[in-house]
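**Student:** Here are the chains, one letter per residue:
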Amino acid sequence: MSACCCGNKHAKEDPKQMALREAIARYQGVAGALIPLLQEAQEIFGYLPGEVMEEIARGLGLPFSKVFGVATFYAQFHLKPRGRNVIRVCTGTACHVRGASPLLESIRQALGLKDEGTTEDLRYTLETVACLGACGLAPAMMVNEDTHGRLTPAKALEVLKQYQ
Amino acid sequence: MKKIVCVCAGGCTSSGSLRVLEGLRAEVQQRGLQDQIVVKPVGCHGFCEQGPVVSIEPTKTFYTRVSEGDVSEIITSLQEGSLVERLLYVNPSNQQQINTYDQVPFYARQQKIVLAKCGQINPEHIEDYLAQGGYQALENVIRQMTPQQVVDEVKKSGLRGRGGAGFPTGRKWESALKAKITDKRYVICNADEGDPGAFMDRSLLEGNPHEVLEGMAICGYATGSDEGYIYVRAEYPMAIKRLKLAIEQAERAGLLGNHIFQSNFSFHIKIKAGAGAFVCGEGTALMTSIEGNRGMPRFKADRSTEKGLWQKPTVINNVETFANVPTIITKGAAWYASMGTEKSKGTKIFSLTGKVINTGLVEVPMGTTLRQIIFDIGGGISNQRAFKAVQSGGPSGGCIPEAHLDLPVDYDSLDQIGSMMGSGGLVVLDDTTCMVDVARFFLNFTQKESCGKCTPCREGTLRMLEILTRICEGQGQPKDLENLERLAKIICNTSLCGLGQSAPYPVLSTLRYFRQEYEAHIYHKRCPAGACAKLLVYSIVAEACKGCGSCARACPTGAIRGNKKEPHVIDGTRCIKCGNCLQKCKFGAVRKR
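Chains A and B supply the protein sequences, listed in that same order.
Each residue of the first sequence is one higher than the one before, counting from 10 in the numbering used here.
Each residue of the second sequence is one higher than the one before, counting from 478 in the numbering used here.
Accuracy of the hints is not assured; some may be wrong.
[To be verified] Listed below are the simulated SDA-like cross-link pairs for lysine to any residue, each with C-alpha atoms no more than 20 Å apart in a straight line:
no.	chain 1	residue 1	chain 2	residue 2
1	B	K925	A	A163
2	B	K784	A	R159
3	A	K164	B	P885
4	A	K164	B	R542
5	A	K89	B	K1011
6	B	K1011	B	R1030
7	B	K747	A	T161
8	A	K170	B	K930
9	A	K75	B	R775
10	B	K721	A	Q26
11	A	K123	B	C1052
12	B	K930	A	Q26
13	B	K1061	A	S74
14	A	K123	B	A1010
15	B	K1061	A	R91
16	A	K75	B	M773
17	B	K777	B	Q993
18	B	K1061	A	I33
19	A	K123	B	G1035
20	A	K75	B	G769
21	B	K661	B	H736
[As the list claims (entries may be wrong)] Chain B is nowhere near these chain A residues, computed Cβ spacing over 10 Å in every case:
no.	residue
22	E31
23	L43
24	E63
25	E64
26	A66
27	P111
28	G145
29	D155
30	R159
[As the list claims (entries may be wrong)] Covered stretches of chain B (in silico footprint by chain A; criterion: 3 or more residues with CB under 8 Å from a CB of chain A, positions within the stretch not fixed):
no.	region
31	490-500
32	760-769
33	883-897
34	900-910
I should point out that these hints are in silico values taken from the structure, not numbers from a laboratory.
If you're wondering where the values come from, they're calculated on a predicted model, not measured in any experiment.
Note that beta-carbon positions come from the ideal geometry of N, C-alpha and C, so glycine has one too.
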């Protein structure tokens, strides 16, 4: 990255881009930096756009294929924009035997989604996770950072209404 | 004497315990009782079924399912020295009220060693841990023992890896201590708890993070390492937060970092947040992931203790294994080895879930029988159903039928009956659970999580899944069972890592003990447990239907139609078989076949 002498260009720059550049600079030369950097980049942008991955590849001196490979390997990374509220329905063993499938099915119906994914208005993203570790409260789901347990299809739909 | 109100701030947060905590604090403040009553958040009490749980010291009073509305009554009762009777736990077997937690059958039959401090200390205050003797084991080790002595002590204790495979911990440490490469060594704590149905590592990290850090530091001293990593799932944000805080506090107190206890021993711990891949729970995959790559397992030409992370000697142990270490040092190897069975010493934490009355976290000595765990501690099967099987060991384990319920649980006994200890998840299944569906569920999981590196796992699990799905949907063919067994054998024998090698276990164990259920699906197109949706039909018995409409309101797809006070009808093409109508109907008019 070339240093800027006038200051104007950077002052007008998108704050997200600046945050990304700052993060890349912090990880340069650090061993095993790719995953934490991708995590930070996703924090900044909400997902991982192609250009961001390209910039990370350049910044860390890695082939783009490697960055892309890692980003698509892990479930945490998303290459498409996400909804404002992320619903994670637990489909772990305990939840499965206590009725996670009908729960998931009714949320899917209510949101008009065919499968996992994001609603058109970007209000919700629906996903499943293998286990939230809240098995004592099965069936459970997480909406953003909140865990909701002992759900029924009706209760889950009530919960979702709180999230704009 | 000050009264201490301990509010679970672990799993109970999802049933609203933080609002209870804030409410109690505000109430104490408002009444000016700060000198008499202390309110603090603590880790998991284990009895998740009854959450939010509140315990009061020193009286050991135990309140269950507490809500914000109960706050003022609890504080008043503390002032008066009385009890809030309606919040006390009622023993479901004899309807008796129980005042103190040590009398609750769920706790009375447990032996808490690793979890002893969970539920008593505030995990965000290092002072609480120190007050209970925390970091004394580390101090003793540094001041009085040589690394070899520490290794010998752990060896003598008989501690085996709690992550599932049960490798002797002392032997692992010894081979790292004696490794040829000496310039750098690593300690890794595997907290990538991915088994569906397991949450003991999460509860430990959230309830008592210092115990794990202390265990890691002792391991660092014993193996000559100065750097440790904790690899935690990103799905556990609270565990990550508390670990970060704990590391900061320990470093400030000189218990981690440079020159611990003013000695020459330095040990730094870093947190690595996993990015969501089950296979990273496998040791070599985890290390590959820390190195910044796709988390794919490596071929083990050398042991990790010879060449592990960044090709340096590395000890990798599970959260619970490390959490055992401080107690072993403090109380001695002989004391520890006096618990458990001949080849499996100490206690084991199980997360007891599924169709059992008391779901939660349970710690019992090795050798306790499954019947004791499920019926005495777990309180038996919920909804008055019949026990069918218990699934142990997560996706790598198997289903254990009633015939083996009296088996003392340890690493070797579970192995013998086609299951495994795994990390300690116990999911109880009742007669409404379809075993073919359970097998399909696990295979679906391992298939999705297969990293794709080796062919048997990548392709084989998919083929097995296709067969199982077909069977569950009523399309099974007579040759399917034979094919399943053949594929299973190949995958077990030829996969690269533990994930693939054990992926077919759920299928093999259900085929071994519940073959007749597979046959009913294939030959009679029937699911005996009434669980496989494709083989089910919901209908309304016109004679019994009062036309109240509650089923129609509960139906998420609008598949139920009918006029008020007239029999309703289910439109089979729109029905998603969620069973809501069956649950809602008060007249038993909905039938499932």
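**Student:** Now look at each hint and say whether the structure bears it out.
**Tutor:** Cross-check of the supplied hints:
Pair hint K925 (chain B) plus A163 (chain A) does not hold up; C-alpha atoms about 29 Å apart against a cutoff of 20 Å. Proximity of K784 (chain B) to R159 (chain A) is assessed by CA-CA distance (about 45 Å); at most 20 Å being required, the pair is judged violated. For the proposed pair K164 (chain A) and P885 (chain B), the alpha carbon gap of about 40 Å is over 20 Å, so the pair is violated. Distance restraint check for K164 (chain A) and R542 (chain B): the Cα-Cα separation of roughly 18 Å lies within the 20 Å cut-off, and the hinted pair is therefore satisfied.
The straight-line distance between the Cα atoms of K89 (chain A) and K1011 (chain B) is roughly 33 Å, outside the 20 Å bound, and the hint therefore fails. Distance check on the hinted pair: K1011 (chain B) and R1030 (chain B) sit about 23 Å apart at the alpha-carbon level, beyond 20 Å; violated. With a CA separation close to 40 Å, the supplied pair K747 (chain B) and T161 (chain A) exceeds the 20 Å bound. Proposed proximity of K170 (chain A) and K930 (chain B) is contradicted: the alpha carbons are some 42 Å apart, above 20 Å.
For the hint linking K75 (chain A) to R775 (chain B), the alpha-carbon distance of about 17 Å falls within 20 Å, and the restraint holds. At most 20 Å may separate the alpha-carbon atoms for a hinted pair to count; K721 (chain B) and Q26 (chain A) exceed this at roughly 27 Å. With a C-alpha separation of about 15 Å, the suggested pair K123 (chain A) and C1052 (chain B) falls inside the 20 Å cut-off, and the hint holds. Restraint check for K930 (chain B) and Q26 (chain A): not satisfied, since their Cα atoms lie roughly 35 Å apart, outside the 20 Å limit.
Among the hinted pairs, K1061 (chain B) with S74 (chain A) is inconsistent with the structure: their alpha-carbon atoms are about 53 Å apart, more than 20 Å. Of the supplied pair hints, the one linking K123 (chain A) and A1010 (chain B) holds, its CA atoms being roughly 18 Å apart against a limit of 20 Å. Taken as a hint, the K1061 (chain B) and R91 (chain A) pair is broken in the structure, with Cα atoms around 35 Å apart against an allowance of 20 Å. For the suggested pair K75 (chain A) and M773 (chain B), the alpha carbons sit about 13 Å apart, so the restraint of at most 20 Å is met.
For the hint linking K777 (chain B) to Q993 (chain B), the alpha-carbon distance of about 40 Å lies beyond 20 Å, and the restraint is violated. Distance check on the hinted pair: K1061 (chain B) and I33 (chain A) sit about 55 Å apart at the alpha-carbon level, beyond 20 Å; violated. Restraint check for K123 (chain A) and G1035 (chain B): satisfied, since their Cα atoms lie roughly 17 Å apart, inside the 20 Å limit. Restraint check: the Cα-Cα separation between K75 (chain A) and G769 (chain B) comes to about 10 Å, which is no more than 20 Å; the hinted pair holds.
Restraint check for K661 (chain B) and H736 (chain B): satisfied, since their Cα atoms lie roughly 17 Å apart, inside the 20 Å limit. E31 (chain A), annotated as away from the interface, keeps every beta carbon of chain B farther than 10 Å; the closest lies near 19 Å. For L43 (chain A), the shortest C-beta to C-beta distance to chain B comes to about 4 Å, within the 10 Å cut-off, and the non-interface label is violated. No beta-carbon of chain B comes within 10 Å of the beta-carbon of E63 (chain A); the shortest separation is about 17 Å.
The beta carbon of E64 (chain A) sits about 17 Å from the closest Cβ of chain B, which is more than 10 Å, so the claim that it is off the interface holds. Taking the minimum C-beta to C-beta distance to chain B, about 13 Å, the non-interface status of A66 (chain A) holds against the 10 Å cut. The claim that P111 (chain A) is not at the interface with chain B is violated, since a C-beta of that chain comes within 10 Å of its own (minimum 3 Å). Here G145 (chain A) does not stay apart from chain B, with its beta-carbon only about 3 Å from theirs, under the 10 Å limit.
Listed as a non-interface residue, D155 (chain A) fails to keep its Cβ farther than 10 Å from every Cβ of chain B; the least gap is roughly 7 Å. Once the 10 Å rule is applied to beta carbons, R159 (chain A) is inconsistent with being away from chain B; the minimum gap is 7 Å. Beta-carbon proximity to chain A at under 8 Å applies to 3 residues in the region 490-500 of chain B; the threshold of 3 is reached and the given coverage holds. Here the region 760-769 of chain B counts 4 residues with a CB under 8 Å from a CB of chain A, which clears the bar of 3, and the coverage holds.
Look at the region 883-897 of chain B against chain A: 0 of its residues bring a Cβ nearer than 8 Å to a Cβ of that chain, fewer than three, so the hint is violated. Under the rule that three or more residues need a Cβ within less than 8 Å of chain A, the assignment of the region 900-910 of chain B holds, with 4 such residues.
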